[in-house]
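Peer 1: Order-wise, the sequence lines are chains A and B.
Take my numbering: the last position of the first sequence gets the number 66, and nothing is skipped along the way.
Take my numbering: the last position of the second sequence gets the number 224, and nothing is skipped along the way.
Any given hint could be a false lead.
Here are some chain A residues the structure puts well away from chain B; computed CB gaps all over 10 Å [to be verified]:
1) Leu10
2) Glu15
3) Arg18
4) Arg21
5) Pro25
6) Ile26
7) Ala27
8) Arg37
9) Gln40
10) Ala48
11) Lys53
12) Ala55
13) Thr65
Per the computed footprint, the stretches of chain B lying under chain A, defined by three or more beta-carbons under 8 Å from a beta-carbon of chain A, are [claimed, not checked]:
14) 172-185
15) 191-200
Derived from the structure by calculation, the hints contain no laboratory data.
The beta carbon of each residue, even a glycine, is placed where N, CA and C say it ideally should be.
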Amino acid sequence: MSNPSDIQELYRQMEERRKIRARRPIAEKLAVAEELRDLQRALAPVRAANRAKRAAGKVEIRFKTK
Amino acid sequence: MVADGVIEDYAVAGAVGAMFYVEAFATADIDVFVLTPEDRIIMELPGWEYLKARGYTKVEKEGIVVEGWPVQFLPATTSLEREAYTRAQMLSVEEVPVRVARPEHLVAIMLKVGRQKDIARIAMFLSQDAVELSALENVINRYELSDKWLDYKNKLLI
C-alpha cells in the first residue's frame, strides 16, 4: 500500500502539470479539444447503445466487495 | 461578422472561453455572447443569414456549424452576462485577435448556472490559478451570488 504522503505528492505533481497545461497556447488547447470532440462523436453511437441496454435492464453491473 | 456589421460585437464564453485560461477539456460547441436590444423578445438566430450566405448551412446542437464547431450565438440577457460581454478582453489565437469573456465572469456565470459540469470547471479555474480571487469575489458580491459561493466553498472545503 502506498504511503499517504506519496499520494499527496502525486496529487501535488498532477496539479502542477495541469497548471502547466493551462498555460499552453490556446491553439494547442483547441486542437486537443477538437480531438476530444471527435472522439466523443465517434463514441456517441456506442454510448447510446449502452444506455439503451442499461435502460432495458440488459446489463448487469456486479459489485465486487471482496 | 463584426466588420460587416452583422453583430455589434461578441465575446467568446462557455467551455471554449474557459479554455483560454485552463487546460483543454472536451466540449461540443462554442458559445458566443452577442448583444441584442433589451426590448426584443423573439429574434432570429443572430448571424444565421450571414453565415448561410457564406455556405455555413449545417445546424447542430442549436448552433451553426463553422469549421467543424457548432457555434451558438447567445444573447447576453442577464446583467451578469451583459457585463461579461462588455468587459471581455482581446486575446489571440495564432495572432488572430479574439474577444473573450474574463475568467471572473466565466466563473461567476458557471456558479450561477450551477450544473455539475460548471461546478467541475470552477474547480479547474481555482486549482490552475486561472482566476484572480479578489476579482471573482467582487463579481460574486455585486451579482448576489455570495450564498452560492459560500455553499460551493463549504462543499469543496476551500
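Peer 1: Does each hint fit the structure? Answer for all of them.
Peer 2: Quick rundown of the hints versus the structure:
1. Leu10: 15 Å, holds
2. Glu15: About 6 Å separates Glu15/A from the closest Cβ of chain B, which leaves it inside 10 Å; violated.
3. Arg18: 5 Å, violated
4. Arg21: Violated: least Cβ distance 4 Å, not greater than 10 Å.
5. Pro25: 8 Å, violated
6. Ile26: 5 Å, violated
7. Ala27: 5 Å, violated
8. Arg37: 6 Å, violated
9. Gln40: Non-interface label on Gln40/A violated, nearest chain B Cβ at 6 Å vs cutoff 10 Å.
10. Ala48: Ala48/A clear of chain B: closest Cβ-Cβ about 15 Å, beyond 10 Å.
11. Lys53: Holds, because the least Cβ-Cβ distance between Lys53/A and chain B comes to about 23 Å, which exceeds 10 Å.
12. Ala55: 21 Å, holds
13. Thr65: Correct as stated: the minimum Cβ-Cβ distance to chain B is 27 Å, above 10 Å.
14. 172-185: violated (count 0)
15. 191-200: Held - the region 191-200 of chain B has 4 residues with a Cβ nearer than 8 Å to chain A, which meets the minimum of three.
Figure legend: structure checked against the earlier numbered hints; hints not met, in rising order: 2, 3, 4, 5, 6, 7, 8, 9, 14.
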